[in-house]
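Asker: Let the hints inform the model, and build the full structure from the sequences given.
Number of protein chains: 2
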Amino acid sequence: MPNPSRRSETSRQAILNTALDLVADIGYPKVAIEMIASTAGVGKQTIYRWWPSKGALLFDAFLTLAGTPDGELAALPDTGDLAADLKLVLNATVEDLDNPRYRQTMRALHTEIVHDPALAADYHKRLDGPMREVKKDRLRAAQQAGQISKDADLDVAVDLIFGPILNRWLQQTGPLTPEYVDTLVDTVLCGLQPREAAAPAV
Amino acid sequence: MPNPSRRSETSRQAILNTALDLVADIGYPKVAIEMIASTAGVGKQTIYRWWPSKGALLFDAFLTLAGTPDGELAALPDTGDLAADLKLVLNATVEDLDNPRYRQTMRALHTEIVHDPALAADYHKRLDGPMREVKKDRLRAAQQAGQISKDADLDVAVDLIFGPILNRWLQQTGPLTPEYVDTLVDTVLCGLQPREAAAPAV
Numbered sequence: 001m002p003n004p005s006r007r008s009e010t011s012r013q014a015i016l017n018t019a020l021d022l023v024a025d026i027g028y029p030k031v032a033i034e035m036i037a038s039t040a041g042v043g044k045q046t047i048y049r050w051w052p053s054k055g056a057l058l059f060d061a062f063l064t065l066a067g068t069p070d071g072e073l074a075a076l077p078d079t080g081d082l083a084a085d086l087k088l089v090l091n092a093t094v095e096d097l098d099n100p101r102y103r104q105t106m107r108a109l110h111t112e113i114v115h116d117p118a119l120a121a122d123y124h125k126r127l128d129g130p131m132r133e134v135k136k137d138r139l140r141a142a143q144q145a146g147q148i149s150k151d152a153d154l155d156v157a158v159d160l161i162f163g164p165i166l167n168r169w170l171q172q173t174g175p176l177t178p179e180y181v182d183t184l185v186d187t188v189l190c191g192l193q194p195r196e197a198a199a200p201a202v
Numbered sequence: 001m002p003n004p005s006r007r008s009e010t011s012r013q014a015i016l017n018t019a020l021d022l023v024a025d026i027g028y029p030k031v032a033i034e035m036i037a038s039t040a041g042v043g044k045q046t047i048y049r050w051w052p053s054k055g056a057l058l059f060d061a062f063l064t065l066a067g068t069p070d071g072e073l074a075a076l077p078d079t080g081d082l083a084a085d086l087k088l089v090l091n092a093t094v095e096d097l098d099n100p101r102y103r104q105t106m107r108a109l110h111t112e113i114v115h116d117p118a119l120a121a122d123y124h125k126r127l128d129g130p131m132r133e134v135k136k137d138r139l140r141a142a143q144q145a146g147q148i149s150k151d152a153d154l155d156v157a158v159d160l161i162f163g164p165i166l167n168r169w170l171q172q173t174g175p176l177t178p179e180y181v182d183t184l185v186d187t188v189l190c191g192l193q194p195r196e197a198a199a200p201a202v
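Going line by line, the protein sequences match chains A and B.
Under this note's numbering, the first sequence has 194 at position 194, and the numbering climbs by one with no breaks.
Under this note's numbering, the second sequence has 103 at position 103, and the numbering climbs by one with no breaks.
Rather than coming from a laboratory, the hints here were simulated on the basis of the structure.
No false leads were mixed into what you were given.
Copies of the same chain look alike in the list, so a pair counts if it fits in one copy or across any two.
Listed next, the in silico EDC-like pairs over lysine to aspartate or glutamate satisfying Cα-Cα at most 16 Å (straight line):
1) LYS54 <-> ASP21
2) LYS150 <-> ASP186
3) LYS136 <-> ASP151
Answerer: Pasting the structure below:
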């Protein structure tokens, strides 16, 4: 006898994969729910039963792609060398953004969030908030190791370290090179150093 | 005898104002070219003759609103106190973003840019590029005054100082308070200081 919950999970995955394919192929604005339904071989009502909007479906598809279903975020690397660890993470992000499937979905997700407060709230609850905690955990470890000032505002630090890559990519203001990542991380960490450690290098 | 070029300028302004009103009232995604034309009392063809897309029209409307027609950008304030000058500018930006007419247009412009490479190119040529030069001019003056390291990468500095406000606002990741602006500017400037000036404050 077929297992209805397994069949349901199979349909769900088919819908998410179809959505990712269509977004990569023709761009998010041109993808319609009807199109996803007919390509995935499910009824339109099935999609509407599971997702309140095209944006909500996109977000779940993105989570599949990013390999981060709810509550399963990996910690940031901690080799003891904060600058090296952050550069590694940011260069990996730049590489992800070069992947067409990831790129189109990421662009679409970030523009949907701007216009859809419900999606923005869900995004922050399920992805951005937990991600921010993971990033702050790494910075807190550096703080305990005396590499970052005790007074540093870690939320501002996260914005400074992780924001510019996304900004530059979304707004297409310049190329994302390893040199850019290096200068970015070095400049920000310089400003976050404990004052004693920032003694003259001359 | 009526002056055709003046009549044409009047129509142009009416179209831009109507677009701003409609975007503020019902949101950019729901505004159609037909709607702008009929509300402004012009033919749809007039709009298509002057603008290649809804995004291009939006950008011109935004420039009207921002009071910065091409090539007329004011320099950033320079009182000699770089931190105070930057905080003044960023707090003024935060205030602009609170204005509903400005806010809706700004959101729409920034999401259109992500999906429309032609608009992105025009935006960078006519607004973001010149603005970036104005910002770098102020930082260069600080560099000459010995307040910023000679080695600092001014493009990275601009991204760090001016990016996080926009990011936080677009992605709705947190409130934009004067305290946030203060911490942001102080942290970034700390990282940009000449190494000699970053001596122990203890």
